[in-house]
Amino acid sequence: MVAQDAHAHAGPQGFIRKYVFSLDHKVIGLQYYFLALAAVFVGMFLSLLMRIHMIWPTAILPLVGEIRPETYLQLLTMHGTIMVFFVLTTAPQSGFGNYFLPIQIGAPDMAFPVLNMLSFWTTFVAFVVMLAAFFAVGGAPLHGWTGYAPLSALTNSGPGEQLGADLWITSIAIFCIASLMGALNFITTVLDLRAKGMTMMRMPLTCWAWLITAILGLLAFGVLLSAGILLLLDRNLGTSFYVPLVVVNGQVMGHKGGSPLLWQHLFWFFGHPEVYIAILPGMGVASQLLSTFARKPIFGYKAMVYAIMAIGILGFVVWGHHMFMSGMSPYSAFAFSIMTMAIGVPSAIKTFNWLGTLYKAKIRFQTPMLYAIGFVSLFVSGGLSGPFLAQPVLDIPLHDTAFVVGHFHLIMGVAAIFGMFAGTYYWFPKMFGRMMNESLGRIHFVFTLIGTYCIFMPMHYLGMAGQPRRYSQFTEVAYLQHLMPLNRFITYAAFVTIAAQVIFVINLFWSMFKGPKASDNPWESTTLEWTTATPPPHDNFAGHTPVVYHGPYEYSVPGAAKDYVMQTDPAGVTAH
Amino acid sequence: MGLALLVIIWLITFFSTYFFVAQTWWLPHGAAKAAEFIDHQFALTYVLMGIVFVAAQGALGWLAWKYRDDGSSRKVEYSHGNTKLELIWTTLTAVLFVGLNLMGSHVWASERFEPAAAGSVPVEVTGMQFAWYFRYPGPDGKYGRTEAKLMDPSAGNDAAIGLDTTDPAAKDDVVTGTMYPPVKREVDITLRAVDVIHSFFVPSFRFKQDAVPGLAIHMHFTPTEIGEYEIPCAELCGLGHYKMHGMLHVVSQEDFDKWLAAREAEKQ
Ligand code: HEM
Ligand SMILES: [Cu+2]
Ligand SMILES: [Cu+2]
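Just so you know, the sequences run in chain order A and B. The opening position of the first sequence corresponds to residue 1 in the working numbering, with each subsequent residue numbered one higher. The opening position of the second sequence corresponds to residue 1001 in the working numbering, with each subsequent residue numbered one higher.
Hints listed in this document are in silico derivations from the structure and should not be mistaken for laboratory results. Certain hints may be false.
Below, simulated DMTMM-like cross-link-like pairs (lysine to aspartate or glutamate); rule was C-alpha separation at most 25 angstroms, straight line [unchecked claim]:
# : chain 1 : residue 1 : chain 2 : residue 2
1 : A       : K256      : B       : D1152
2 : B       : K1066     : A       : D563
3 : B       : K1243     : B       : D1069
4 : A       : K256      : B       : E1124
5 : A       : K302      : B       : E1086
6 : A       : K360      : B       : D1069
All figures in this text were calculated on a predicted structure; none of them were measured in a lab.
Working from the sequences, and respecting the hints, build out all of it.
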């Protein structure tokens, strides 16, 4: 007892050390979460302006004024960049991961608390720099979130390509540094700080997902960082990494001999793993919740772990599927497309196993579970358009059309967002000590699920019909005219879906202060965060170190007193 | 709520599938040689993926409803999975995905690994913010020299691509803003870009290829039907991307010869 008490350290006093420059992984997790929440609202607002401009190109909007074609592209760039970096990379991994990874493995904090604080505040600076691009002379850049050179490497290729583009690249570079720090911290924590009995194969699938995501981040963000620095050099010091001899509007530029494809290779070497960075934590949450609310062990725990690993490894050898039409050697397309099809296999395994988990279960439909099931549905829908795009011949008509926009929004955008919603509804009681409102949760779910399908499913039809992406308006191409009714439908659906998010915000903030008090384990889950107080004390387990006896998903064990056996319960689960 | 989920998921599945099956919005009518095969491969992929889609969503909705907690004393099956099933579906998906892929590869190979056949019509395509220019080498079969410092986009055509008129090979080059290929002959295109990346996209031909500054990319296609086809730029190239739009007039061999002769005559 004495030895254990020595571990218990008092939390910091004073507002600044407690809530601002906190070293507590739980506070840092929440800081990330709220940063992402702010970012998702900015990103969503931008997408609404885009959709409005697409169908009413000449409208003058209150407060915003006229959206011109270049403004559209600036909104597009900022929407994509903010969503990918500050929402999808920030909340699922750095937000929930920070808060729950240490608790789920029975650790008192992350391995390097100071590094953790630094990585949050670095991310915060990156976000501020990103937003500053809006206010730069010339505005935000218009080169899209992929920033293809030479468009992004020249300062006279369009509005926003001056200071705005420099800020954009700088922000991403800062973000990379923050993510590298975070990744190191996650990996070390998992490897070194697991409680007694918490073997790797007893970790919840969320922890596996956070671990593999961190490894992907460690390998991918370093490359993006270097690529970004080279881009800054091309723009400001006249180097020619990405720019050959080019003539912009009659003006011969000083560059010579660079390769535009180099940027694409470097960018997608980061970019493809990035989509898994966005989605793996969601997969982890979905697995955890499906098992919990189905009251049944996850189907094929080991297969799930191997599938995450396989996705992680294969994720680094498929980047060329973004470049089939780029002028890259057509021979390499073969290799990239076979690898891409191969990565579909572990993804399919996960889907089968989620369905297998529901078979002969006893499902409780609380809001977190609704979102987990929605996640599976979206993952299937978004996943099945992949085998189209992965075949180079079919990518010919589909590449850079709305089909791709539909595909990646379903699987990476909205599925990941569903993972976040699921996580929010599930862990809210632990984080804030109160329950969220179930009825509001359900209404929010129904609107969001139907709404997102109404927005993104029709984009596949548009893409097949040949509607290119990143078009600010469709007035100049004759064959696009008959697609306008569908485009209008999408915009209306976006209005409704975005409006429905108000329900979530109300539920979130109202419940934080007024929700009914939560017990320590309201969902009757088995993992370690549910063994400690609500909200958890500063060192997570109040000086006591948990000991783990079982795998994470022991539900409905025959002969057990209740229909769940906590991981810390010494009483037997005979088989495992 | 289990029933509600079933209804919602099934309705979404039904409507999504309906518009695919009804082909309300579909690939535009194919008008080049590659279209037939690509459309076939597309249809095949779409049938297979469609089956998986309906099966998976159908199962998801059904399981959610069937195995809802209805308050009864029904026992949950305590199981950690089934390795045999796991192996079966892993193998099946692997065969399905890789097999599909291999089936599609020969068209890719024939379009991209082999150069255009002898006797095809050479055309050089140049993309710049925000226009396409097409150049025919003329009777000598040779493209004349172009110079970066001669490029003047505001003057259009010859000047836009920086054609050096002192080069004898340039004398008979014809540069236009609209492409006129003859029908049923292979067109041997050389794709270039002068400023940023653009993409030459002809939906009706199932053709797309980026034009990259610093590269001359060789491609070929064979139009099969006379008509007018649009070329919307498919790679973000700046503020005018949405209006970077070219036209392709596929004409008969006679009309093509007449048209080219007239352009040559204008040059003299
Ligand atoms: C409120 C729901 C959303 C709507 C209505 C929406 C709408 C759009 C639209 C209209 C585009 C432009 C398509 C084009 O012109 O090519 C776009 C692009 C994009 N969106 Fe979203 N979006 C939403 C949510 C998200 C989310 C959650 C993500 C997170 C991954 C996301 C990531 C992106 C990315 C990466 C791009 C590409 C930007 C680029 O082309 O550079 N979006 N979105
Ligand atoms: Cu990818
Ligand atoms: Cu363009």
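Under the criterion that the straight-line Cα-Cα distance not exceed 25 angstroms, is the pair K1243 of chain B, D1069 of chain B satisfied? Outside the cut-off at roughly 56 angstroms; violated.
Within a Cα-Cα threshold of 25 angstroms, do K360 of chain A and D1069 of chain B meet the stated pairing? Measuring from Cα to Cα gives roughly 11 angstroms; hence the hint holds.
Pair hint K256 of chain A and D1152 of chain B, alpha-carbon separation not exceeding 25 angstroms: The given pair, whose Cα atoms are some 20 angstroms apart, holds under the 25 angstroms limit.
Hinted pair K256 of chain A and E1124 of chain B, Cα distance within 25 angstroms: With a Cα-Cα distance of about 22 angstroms, the restraint between K256 of chain A and E1124 of chain B holds, given a limit of 25 angstroms.
Just to be careful, I want the Cα atoms of K302 of chain A and E1086 of chain B compared with a cutoff of 25 angstroms; is the pair within it? Within the cut-off at roughly 11 angstroms; holds.
Taking only the CA atoms, is the gap from K1066 of chain B to D563 of chain A under or equal to 25 angstroms? Between K1066 of chain B and D563 of chain A the Cα gap is close to 20 angstroms, so the pair holds against 25 angstroms.
Checked against the numbered hints above, the structure violates only hint 3.
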